[in-house]
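Let the sequences and hints guide you as you build the complete structure.
There are 6 protein chains.
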Amino acid sequence: MIEYKAFRIELADKVAHVVINRPDKVNAMNADFWSEIVEIFRWIDETDEVRVVVLSGAGKHFSSGIDLLLLAQAASELGKDVGRNAERLRRKILSLQASFNAVDLCRKPVIAAIHGYCLGGAIDLVSACDMRYCTLDAQFSIREIDMGMAADVGTLQRLPRIIGDGMMRELAFTGRTVEGEEARAIGLVNRTYADQAALLDGVFTLAREIAEKSPVAIRGTKEMIRYMRDHRVDDGLEYIATWNAAMLQSADLKVAMAAHMSKQKPDFAD
Amino acid sequence: MIEYKAFRIELADKVAHVVINRPDKVNAMNADFWSEIVEIFRWIDETDEVRVVVLSGAGKHFSSGIDLLLLAQAASELGKDVGRNAERLRRKILSLQASFNAVDLCRKPVIAAIHGYCLGGAIDLVSACDMRYCTLDAQFSIREIDMGMAADVGTLQRLPRIIGDGMMRELAFTGRTVEGEEARAIGLVNRTYADQAALLDGVFTLAREIAEKSPVAIRGTKEMIRYMRDHRVDDGLEYIATWNAAMLQSADLKVAMAAHMSKQKPDFAD
Amino acid sequence: MIEYKAFRIELADKVAHVVINRPDKVNAMNADFWSEIVEIFRWIDETDEVRVVVLSGAGKHFSSGIDLLLLAQAASELGKDVGRNAERLRRKILSLQASFNAVDLCRKPVIAAIHGYCLGGAIDLVSACDMRYCTLDAQFSIREIDMGMAADVGTLQRLPRIIGDGMMRELAFTGRTVEGEEARAIGLVNRTYADQAALLDGVFTLAREIAEKSPVAIRGTKEMIRYMRDHRVDDGLEYIATWNAAMLQSADLKVAMAAHMSKQKPDFAD
Amino acid sequence: MIEYKAFRIELADKVAHVVINRPDKVNAMNADFWSEIVEIFRWIDETDEVRVVVLSGAGKHFSSGIDLLLLAQAASELGKDVGRNAERLRRKILSLQASFNAVDLCRKPVIAAIHGYCLGGAIDLVSACDMRYCTLDAQFSIREIDMGMAADVGTLQRLPRIIGDGMMRELAFTGRTVEGEEARAIGLVNRTYADQAALLDGVFTLAREIAEKSPVAIRGTKEMIRYMRDHRVDDGLEYIATWNAAMLQSADLKVAMAAHMSKQKPDFAD
Amino acid sequence: MIEYKAFRIELADKVAHVVINRPDKVNAMNADFWSEIVEIFRWIDETDEVRVVVLSGAGKHFSSGIDLLLLAQAASELGKDVGRNAERLRRKILSLQASFNAVDLCRKPVIAAIHGYCLGGAIDLVSACDMRYCTLDAQFSIREIDMGMAADVGTLQRLPRIIGDGMMRELAFTGRTVEGEEARAIGLVNRTYADQAALLDGVFTLAREIAEKSPVAIRGTKEMIRYMRDHRVDDGLEYIATWNAAMLQSADLKVAMAAHMSKQKPDFAD
Amino acid sequence: MIEYKAFRIELADKVAHVVINRPDKVNAMNADFWSEIVEIFRWIDETDEVRVVVLSGAGKHFSSGIDLLLLAQAASELGKDVGRNAERLRRKILSLQASFNAVDLCRKPVIAAIHGYCLGGAIDLVSACDMRYCTLDAQFSIREIDMGMAADVGTLQRLPRIIGDGMMRELAFTGRTVEGEEARAIGLVNRTYADQAALLDGVFTLAREIAEKSPVAIRGTKEMIRYMRDHRVDDGLEYIATWNAAMLQSADLKVAMAAHMSKQKPDFAD
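Residue numbers (this note's numbering), protein chains in the order written: chain B, 1 to 270; chain G, 1 to 270; chain U, 1 to 270; chain E, 1 to 270; chain P, 1 to 270; chain D, 1 to 270.
Worth double-checking, as some hints may not be accurate.
Here are some of the chain E residues that sit facing chain D, going by a computed Cβ distance under 10 Å [claimed, not checked]:
| no. | residue |
| --- | --- |
| 1 | Lys5 |
| 2 | Ile9 |
| 3 | Glu87 |
| 4 | Ala172 |
Label pairs and their computed distance ranges (CB to CB) [unchecked claim]:
| no. | chain 1 | residue 1 | chain 2 | residue 2 | range |
| --- | --- | --- | --- | --- | --- |
| 5 | U | Arg42 | P | Asp32 | 32 to 42 Å |
| 6 | B | Ile2 | D | Glu181 | 57 to 67 Å |
| 7 | U | Ala98 | B | Leu105 | 25 to 35 Å |
| 8 | D | Glu181 | B | Glu77 | 32 to 42 Å |
| 9 | P | Ser76 | U | Asp48 | 14 to 24 Å |
| 10 | U | Arg42 | B | Ile2 | 51 to 61 Å |
| 11 | B | Asp270 | U | Glu209 | 52 to 62 Å |
| 12 | D | Arg42 | G | Glu46 | 38 to 48 Å |
| 13 | D | Ile2 | E | Lys60 | 46 to 56 Å |
| 14 | U | Glu46 | G | Glu182 | 31 to 41 Å |
| 15 | B | Leu11 | D | Gly202 | 55 to 65 Å |
| 16 | E | Glu179 | B | Leu105 | 45 to 55 Å |
Below, computed lysine-lysine pairings styled on DSS-like, alpha-carbon distance capped at 30 Å [unchecked claim]:
| no. | chain 1 | residue 1 | chain 2 | residue 2 |
| --- | --- | --- | --- | --- |
| 17 | P | Lys5 | P | Lys80 |
| 18 | P | Lys14 | E | Lys263 |
| 19 | D | Lys14 | D | Lys60 |
| 20 | B | Lys60 | G | Lys263 |
| 21 | B | Lys80 | E | Lys80 |
| 22 | B | Lys263 | B | Lys14 |
| 23 | U | Lys25 | G | Lys60 |
Everything labelled a hint here was simulated from the structure, so no lab data went into it. Just so it is clear, CB atoms sit at the ideal spot from N, CA and C, and this is done for glycine as well.
Written out as structure tokens, the structure is:
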């Protein structure tokens, strides 16, 4: 187990469990959170042994979103010139976004396991994950609107690709709370579970299943789906052809084929 | 209340109610309709007091779509040269599209409240709104296919972003009627109501709730979601960073924060 | 009826029924399949009498996907130089993709009627169709992941436009089997049927209904929806305006109008 | 001749001569200028008799750019809230841009004839024209940098498509003056002339030559080149195919062919 | 030497010389031309021995463009319904475009050697080549404008990427003749030669030089430059990284390195 | 002066002079080079005092490109599995590209001053700069083709936006050497100088001139030109409007205006 200030990490069965670990602060995202998450996902990206990531929150809630102290501090750093303030704020926002881009661009699948509050910045975060699962009593809310601002670290960019356009706008304009079952119905999560124990059990079973597949194939699959979020079908077809031109020369196809023939489980190298 | 030839407008609690008002013609879209809607939405865009728009139809139906007289007239204006006719038709179509672009590009959220018929051009119209709500007995049909033509004022462009691709094609190829409950199930509307009274009640409650949020934040949120319909995630992240570079310097954040601290309702300037 | 090696074709009521016809091989996609499908869809595209296509599988299953012999053969053709192998594989993949592009780009609507297995390459194929319908016992699986590779003939490119992003990733990473009812719930198919007889009955009723519409309008509608999968709303509006500049000068509008007036069924030329 | 406050228009031989007509103010762009130019180009677009436009400046110079009074006034209208000011400024800039978009999107070719100063906003304007010609003593300068701002009405958007990227940056960063011969060498203008009389003579000869071509073909050609500034080659090929599907049915091809056979000048309808 | 109806091909030193061979018809592009060119470039693409292509015209001219008989025939095939005619014309144009796409998409560099007339369709053709060289007396003209139509087989799509926007429009609107030296000055050709003998000598020297480079590297280079014509810099960087992930494992790098060390000419496999 | 292993930096008059400092190795780009350049440009980006950057090479040459030892080492790290090698190479290439992206994305203008050799990777580097100036005896060569590979750190992506498409391909396919005067003629550099002393004198004069402009305006201008390399004109217009919505509220406009009125030099804050 690796301890960070805002996280703790466990690694078993090739699955890294990344836990937001400030339970007494409802896992609010403070300065440590924003910098450590980049470091953690860089480590995940570079560590062959990690094949899948599960992301969850310690304590009663997933996360209440950005720490208001952080916002207050950013406000206090502004000077008199509107233009120079704007440049500073723009770079600050880009820097916060980069923390969640690290999740989105991570080469390994990232599964969010959500219970309790998932508010404001926490929705930005889970929108950057590959898949989302939650407890029935999870509570989602695009809380930024009630802070007098448009959400700016990813929710408005990534969530419209995940849930329908009409409901997206309702949730973003009102900030109303969506619970587990509705979250599933609108496609925000793939499945709900009765409580956190069942949630983690279900999510880890899924994670281990994915961890047993060819890591070369899993990484290629993630890259292609990510690519298609922003590109044309013809460009996507050309891209996978170029990608697989190398990857089909990997040993993993033979390993898979041999396992298929012998009715045994394949064992892929990292 | 402002009376137009094809509409009437009411403004209360910062919510503008735009009513298509040709009930004896099933609210068919005549020449007045197409020009007045541009004028109305320009007024809405420029009037700070209006923060949210509700769009509905007077009488028994939302609208039966384009007035056939208008089509007949357009046909009668064609000359002998196919090329010059094509140029004229192309510009006519672009001009009709501009009427619904005015709805789509309006800076304030536009909520469609639909009961009874919502046929042909009426689907093009509600596809340009932010959100759609309807009565159980609402009837949607992409009627253009039965007029021997491909829909050309927005349905085929905007609806595929709202409902799933597979069902989109079925509805566009067949023109079959979809009623309220199915409309909700496929994501065409966010919610259904038993009758028009309940519909308007529900929709105005929603509209007033949105009208109480920071108008700066609401407009930014709408702009970002609209932008993401057509742009890449990375471009969207850069755009919101540039946008919020100015908007986070607005007083609305402080107003929201103060209200949050004092547990009172914030009161935002227009 | 036209017999091919891997298909047979029937044409009635302006609907072409394309049947994958290797039932003893679970309709696995062999070399004949990949070349004949291009030939068949070119013929469909050029034959005015064909207005709609139904695609199904002979025997107990729709298709088990690519024939493993074909893969083995491709592997055996590789040489020593990784670079030159990559060029060869890239072109091979592009060539296989072209077979399904022929379905996607076909000017007439293509309806997939799926029963039993729809595995691996078969999902790539039905993702290139306009609409999908299935029996309750249909079984879908993105099987490529279990062959140690990322799917590369269209599933990862087209399916994310059809089903939600979150479930898309789960299915692509795990290859788990989805049956008829879940397929409907996630938008993969439009409707389920009790058995294959009911499926074909339902699908042919739909196909004949579409075949009675103006073929000019149907082809324009398909082109526009296809275009919107990859283009901006403003580009789409300009494109339909340019397209309809010619098509609104077609006789089909008058035929439709006359039929509407006389309350009779219109009869459109091919 | 039509007199506007900031312009005068002459129409002869199907060529409209639009003259910026505030010679005592070095043709600085005041409020009248920005609104009248939209009106003028709408009239040009809708008037079949106008086939080509020549744009020039009255007096000793083409134009010194935006009127500083206008900027001062915009500044004076700002309030206290940075966010609301930003919204107001953003809309003001978009509105000014729309004035030059009217030139860019005009269906008829627009030829700029430039002598003397062409500074700041004047470069934004001529960048929106189809072609540029100038006297040897013309003086171009991207003057906005010396007003402490990035140019925001089109120069930075359109000029990089006209001149090379490296020189573009030098001119935009320094605001240095480029004279006629250098302007030609870097592709900013197509040709230079000894003085204004020669310039207008050359430009009108060119304009009349274009005015004698098929107007359907000229408008299609302009639309296609404009389209390619922002689109892919494959999209452009599809677009011209769709466009010409109607336009090749025009009489102009037969008129051109007949003229070609009889060795006479063709006479095309407006 | 291979003889086609409209072409003849010679292959030596890994350079294929494709000669348009209808000198008595000024190499006008007839039906044979349009179909054979596809066949020829498919052969080139698939024949490893061909590494570079030189394209020239037999007789006194490169080519006078499309054969007018072909246009007349297309016109004669039109029926009464404008809509169906439009569909037919659209597909005809797309089919002609495909002939030049075969040149553009060919994996090997194609060098155009131009002397005498290069008119109308001939400019569309050379715009699809990689590089252009000409004699001093070559004559280029976008002749389509004088046929009453917008050029529709590639000039308006590809030439704006090759020459400057301002001159592009002048040439497309006027159809005026550009001779060798001006063609070089505006970037239409890379170099001029005194006469055809010098031209072919120069071009073949260049072609043979390219043919001696690593064919894997040449094909990758062409693909990347073609890709950048239509894509973003960041997409291009990701694409070459994916491409070279395989190609850097080719033996050609070692061959090049060894030759570099031993100061000898490298000898690359086809 | 700051000393790095592969660079040295001088800062004066708000201009940072970044010198590649391995003259005895012809400034070949070794591992230090690739990592230090990122660090240096991050420092430049964050240091308000630096307003403009000049990039040059110590000794007789600008740079001979990538250090061959680095390539040899990368090759030696490859394993047996082609797929995993491909993943490793792909990430290595992306990492090298990131070093030059740091130059391209730097918020301050970067001016390359080139003398002597500018080969292979050095062209990738200067293509990522804003402007290029050179001595008459500078020698440019896209040397990668002679190493048996397609250039993959930016030349093929950025150079086609700087020089014409036709000459771009000739240089990339042949790797032939271009000297100063030809480099200027094809737009690769903006201006040539007799020798290195004159070059540095000219470039520093230019750099200091830019350093005296409003830094807010300069950074906005660079961002907009960079943006337009990859985006549509309409997107660019919307972007600058959003950007300037904040920046026009900066004090720099008033400083510039006051200086203009008083005929004095403006003095802008960092």
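Run the distance test for P/Lys5 versus P/Lys80: straight-line Cα separation, threshold 30 Å. Given that 30 Å is the threshold and the Cα spacing comes to 34 Å, the pair is violated.
Should the hint that B/Asp270 and U/Glu209 are 52 to 62 Å apart at their CB atoms be regarded as holding? Because 54 Å falls inside the window, the suggested range holds.
Within 25 to 35 Å or not, the Cβ separation of U/Ala98 and B/Leu105? For B/Leu105 against U/Ala98, whose Cβ atoms are near 31 Å apart, the range 25 to 35 Å holds.
Can you tell me whether the CB distance of B/Leu11 to D/Gly202 sits inside 55 to 65 Å? holds, 58 Å
Note whether the CB distance of B/Ile2 and D/Glu181 lies within 57 to 67 Å or breaks it. With a Cβ separation near 60 Å, B/Ile2 and D/Glu181 satisfy 57 to 67 Å, so the hint holds.
Measuring from beta carbon to beta carbon, are U/Arg42 and P/Asp32 in 32 to 42 Å? Since the Cβ atoms of U/Arg42 and P/Asp32 sit about 21 Å apart, the hinted range of 32 to 42 Å is violated.
Go through the hint on E/Lys5 and say holds or violated, using the shortest Cβ distance to chain D against 10 Å. With Cβ-Cβ at 26 Å, over 10 Å, it is violated.
Quick check on a hinted range of 32 to 42 Å for D/Glu181 and B/Glu77, using CB atoms only. violated, 51 Å
Restraint outcome when E/Ala172 is required to lie within 10 Å of chain D by C-beta distance: Since the shortest Cβ distance to chain D is 5 Å, the answer is holds.
Return the status of the interface hint for E/Ile9: holds when the least beta-carbon distance to chain D is below 10 Å, violated otherwise. At about 26 Å, which exceeds the 10 Å cut-off, the nearest Cβ of chain D leaves the hint on E/Ile9 violated.
U/Arg42 and B/Ile2, beta-carbon distance inside 51 to 61 Å? holds, 59 Å
Note whether the CB distance of U/Glu46 and G/Glu182 lies within 31 to 41 Å or breaks it. Since U/Glu46 and G/Glu182 have Cβ atoms about 37 Å apart, the given range 31 to 41 Å holds.
The structure does not agree with the numbered hints 1, 2, 5, 8, 17, 18, 23 stated previously, though it agrees with the rest.
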